[in-house]
Amino acid sequence: MSATPYNEMYVNEGAGRPHYQRYTRWLLEQPAERLAQKRAEADALFHRVGITFAVYGQDEGAERLIPFDIVPRVLPREEWVRLEAGLKQRVRALNAFIHDIYHDQQILKAGVIPPEQILCNSQYRPEMQGIDVPGGIYAHIAGIDIVRDGAGEFKVLEDNLRVPSGVSYMLENRKMMMRLFPELFSEHRVAPVDHYPDVLLDNLRSVAPTGVADPTVVLLTAGAHNSAYFEHAFLAQQMGIELVEGQDLFVRDEAVFMRTTQGPQRVDVIYRRIDDDFLDPLVFRPDSMLGVPGLLTAYRAGRITIANAIGTGVADDKSIYPYVPEMIRFYLGSAPIIGNVHTWMLRKKEDLEYVLAHLPELVVKEVHGAGGYGMLIGPAATKSEIETFRRLIKSNPERYIAQPTLALSTCPTFAEAGLAPRHIDLRPFVLSGSDVSIVPGGLTRVALIYGSLVVNSSQGGGTKDTWVLES
Amino acid sequence: MLSRTADHLYWMSRYIERAESLARLVDAHYRMSLLPHSPEVLAQSLSATMTALHMQQAYLARHERVTPKSVFEFVSLDREYGGSIFNCLKVARENARAVRGSLTSELWETLNSTWLDARSQVMRRGAQVDIGEFVEWVKERSHLTRGVTVGTMMHDEAFHFTRIGTFLERADSTARILTAHQSDFEPGADASVVPDPYEWSVLLRALSAFEVYRRAYRDVITPFRVAQLLILRDDMPRSLLRCCKEVYANLKSVSNAQSAETERRAGEMHAMLHFTRMEEILGLGLPRFLEQFLSRLQDLGVRIASDFLVPPAEA
Numbered sequence: 000m001s002a003t004p005y006n007e008m009y010v011n012e013g014a015g016r017p018h019y020q021r022y023t024r025w026l027l028e029q030p031a032e033r034l035a036q037k038r039a040e041a042d043a044l045f046h047r048v049g050i051t052f053a054v055y056g057q058d059e060g061a062e063r064l065i066p067f068d069i070v071p072r073v074l075p076r077e078e079w080v081r082l083e084a085g086l087k088q089r090v091r092a093l094n095a096f097i098h099d100i101y102h103d104q105q106i107l108k109a110g111v112i113p114p115e116q117i118l119c120n121s122q123y124r125p126e127m128q129g130i131d132v133p134g135g136i137y138a139h140i141a142g143i144d145i146v147r148d149g150a151g152e153f154k155v156l157e158d159n160l161r162v163p164s165g166v167s168y169m170l171e172n173r174k175m176m177m178r179l180f181p182e183l184f185s186e187h188r189v190a191p192v193d194h195y196p197d198v199l200l201d202n203l204r205s206v207a208p209t210g211v212a213d214p215t216v217v218l219l220t221a222g223a224h225n226s227a228y229f230e231h232a233f234l235a236q237q238m239g240i241e242l243v244e245g246q247d248l249f250v251r252d253e254a255v256f257m258r259t260t261q262g263p264q265r266v267d268v269i270y271r272r273i274d275d276d277f278l279d280p281l282v283f284r285p286d287s288m289l290g291v292p293g294l295l296t297a298y299r300a301g302r303i304t305i306a307n308a309i310g311t312g313v314a315d316d317k318s319i320y321p322y323v324p325e326m327i328r329f330y331l332g333s334a335p336i337i338g339n340v341h342t343w344m345l346r347k348k349e350d351l352e353y354v355l356a357h358l359p360e361l362v363v364k365e366v367h368g369a370g371g372y373g374m375l376i377g378p379a380a381t382k383s384e385i386e387t388f389r390r391l392i393k394s395n396p397e398r399y400i401a402q403p404t405l406a407l408s409t410c411p412t413f414a415e416a417g418l419a420p421r422h423i424d425l426r427p428f429v430l431s432g433s434d435v436s437i438v439p440g441g442l443t444r445v446a447l448i449y450g451s452l453v454v455n456s457s458q459g460g461g462t463k464d465t466w467v468l469e470s
Numbered sequence: 000m001l002s003r004t005a006d007h008l009y010w011m012s013r014y015i016e017r018a019e020s021l022a023r024l025v026d027a028h029y030r031m032s033l034l035p036h037s038p039e040v041l042a043q044s045l046s047a048t049m050t051a052l053h054m055q056q057a058y059l060a061r062h063e064r065v066t067p068k069s070v071f072e073f074v075s076l077d078r079e080y081g082g083s084i085f086n087c088l089k090v091a092r093e094n095a096r097a098v099r100g101s102l103t104s105e106l107w108e109t110l111n112s113t114w115l116d117a118r119s120q121v122m123r124r125g126a127q128v129d130i131g132e133f134v135e136w137v138k139e140r141s142h143l144t145r146g147v148t149v150g151t152m153m154h155d156e157a158f159h160f161t162r163i164g165t166f167l168e169r170a171d172s173t174a175r176i177l178t179a180h181q182s183d184f185e186p187g188a189d190a191s192v193v194p195d196p197y198e199w200s201v202l203l204r205a206l207s208a209f210e211v212y213r214r215a216y217r218d219v220i221t222p223f224r225v226a227q228l229l230i231l232r233d234d235m236p237r238s239l240l241r242c243c244k245e246v247y248a249n250l251k252s253v254s255n256a257q258s259a260e261t262e263r264r265a266g267e268m269h270a271m272l273h274f275t276r277m278e279e280i281l282g283l284g285l286p287r288f289l290e291q292f293l294s295r296l297q298d299l300g301v302r303i304a305s306d307f308l309v310p311p312a313e314a
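From first to last, the protein sequence lines stand for chains U and F.
Okay, so the first sequence: first residue is 0 according to numbering that gives the first Met the number 0, each after it adds one.
Okay, so the second sequence: first residue is 0 according to numbering that gives the first Met the number 0, each after it adds one.
Bound conformation, chain U alone (with noise of 0.2 Å):
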């Protein structure tokens, strides 16, 4: 793989890609102070306003910001419709393939998926078997995460069906940046992203249980102590749904309810921001506090809708990410749009001998690892780490997949010393209900650290604005 990362705003030293020339223009006149200052501002109205992790174990009360970097990321508009009609195709395929797995496996007969990659899963729900949910949708909300390659190419490299975050930091991204820099909205035409709650309220409505004409949605979240806490209380508020934990639902005769000053409240449709794994003490981990005994029943009774469904996870787990391409000719016959990034499967005799082989150039990933950590990346890794995985490998082959270490492009970012390329990557949001349909963007995360390739914000990741031109 060639080393030479696409750098996203200049072709070469001095010369800007034809998208980025009025913004070039513009940065070029700003004096340092004023941009200085404009970074200082950004930061104090993050905390202000509170959009922050919570980190614990530090002085009181201690939060911290996910960084922000002003320079944008901007995609012309020809690559966003080619882009945005991949992101469609992809998530179609695999909300298809995931009702195919809880019903005929049609996929796993025709021998394209071996059963048993499937079957012994552990993100395989055996509960959810024949359950029909409303419109056939299981991943309501998709995060799909783009790199594009050394050649310029977008790839995909990881589908995220569970519970994706990050959609509150592109839509407070973009307030940042209008409201520091208003002068370049006028200058520019970007495609606007703040309809985003109106569209994912209007799809979870949409797959409301059969017979309600005007469904209760509420947004289930782990509780303030959850890091991802403030986008679950900002996206009920920009729906104005209500926010509940655990403890405010409970079930009887197989329907699901709150807890209000005036009673109880029918709920239809629940956009849970906490794992399968937490949802119902009764069937799953029996110690969660944080779920509602006696969702299953009422799930299962077809009384309420939960979003993303239960048992997505075994479309997004990294040993079925492979197998995408395929899925999109087998369910929708057509070509993929955008393609994955080569992936060899430690499980396959071949692969692991490559890969054993080649461990100092490749990245090896766990296949059940999230969040950057469980990782090997071989050029940045000393001996000894890769001998320790080579042995973990070679106890465990069918833990991992192997992918070549990507050259992601790169785009200017405020570093210490001053504007310097750091590695970025996208995250859309595909939303699937009635149709399926994506704000223009995404949430562009970018690693801060020199050389990184880790954009998660655990690890020192910041975030940008990503523009989609519209002209």
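Hint data in this document are derived by calculation from the structure and do not stem from the laboratory.
A couple of the hints might just be wrong.
Non-contacting residues of chain F with respect to chain U, defined by C-beta distances greater than 12 Å in every case (computed) [what the hints assert, rightly or not]:
no., residue
1, 32
2, 40
3, 57
4, 59
5, 65
6, 68
7, 72
8, 174
9, 223
10, 232
11, 233
12, 255
13, 280
14, 287
Residues on chain U that point at chain F, a partial pick, calculated with CB under 8 Å [claimed, not checked]:
no., residue
15, 46
16, 49
17, 258
18, 260
Being a predicted model, the structure only gives us computed values, none of them experimental.
Beta carbons are placed, not taken as given, at the ideal position from N, Cα and C, and that holds for glycine.
Since the structure of chain U is already known, use the hints to place chain F on it.
Here is chain F on its own, set in the frame of chain U:
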């Protein structure tokens, strides 16, 4: 609305109100400490106030003697003592954060920046905090919070629960401050005698009633009138009558299937204060009157919690 949401809103506003009441008390005593007064009188007033607020024990566990400076710092800034102004602001903000989606952005940001500012003042400057400035700032933030609440929130259930919290807390605070000074109202004391005006000014200032008193009576301060102002004046924002009137009105607006008895009791308290006369209260004895009032107020708080806030166990 969710019972849990109502609960957080109720406690959020109680704690802001409590922070303000404490700030007033500290402010009044702080001013007194700047006057050429006998230190015993000030210490005695501080002790009586801390006793009425149930703070005395916690204070004495940390400090040997009652000295103005250490009382002011304890009540205002103590990070360990849960009842300090600092911690009231923290708890108010935590309750707000738990229901930030039910608050307007302006209200949430007001409470959040109040806490962030308090934290940076106390953590960075510690003992260097100027108490007079700090309590003045707390009062301003409380005024701001109340203004933002009334000016930006929809006047719906959520609003009524915040108001119930505010006025229950305020009634409690007024009654306790009166309790701390009840010896001045003893039945034997001649209610027409003009007592030490500086001592009385502490009581009045602590209830933001000093100027109000002058306006209402245009005359010397007498215990009788002070009690009348703080208990029975309908137009005095911190009087017991005014607080009970607000609690009752807001409670009626959130009425539910099981709350009839609670509303009746709130109405009864209001009616009692509305129709009674100062002579009757003094006949009963102020200490006994206040004791009864506080216990009925507590009963009301418990009933509100069980009717609206703490959800009944579901079968």
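Do the hints match the structure? See the list:
no., hint, verdict
1, 32, "holds, 29 Å"
2, 40, "holds, 37 Å"
3, 57, "holds, 19 Å"
4, 59, "holds, 25 Å"
5, 65, "holds, 27 Å"
6, 68, "holds, 24 Å"
7, 72, "holds, 17 Å"
8, 174, "holds, 27 Å"
9, 223, "holds, 42 Å"
10, 232, "holds, 32 Å"
11, 233, "holds, 29 Å"
12, 255, "violated, 5 Å"
13, 280, "holds, 35 Å"
14, 287, "holds, 35 Å"
15, 46, "holds, 6 Å"
16, 49, "holds, 5 Å"
17, 258, "holds, 4 Å"
18, 260, "holds, 5 Å"
When each numbered hint is compared with the structure, a violation occurs for hint 12 only.
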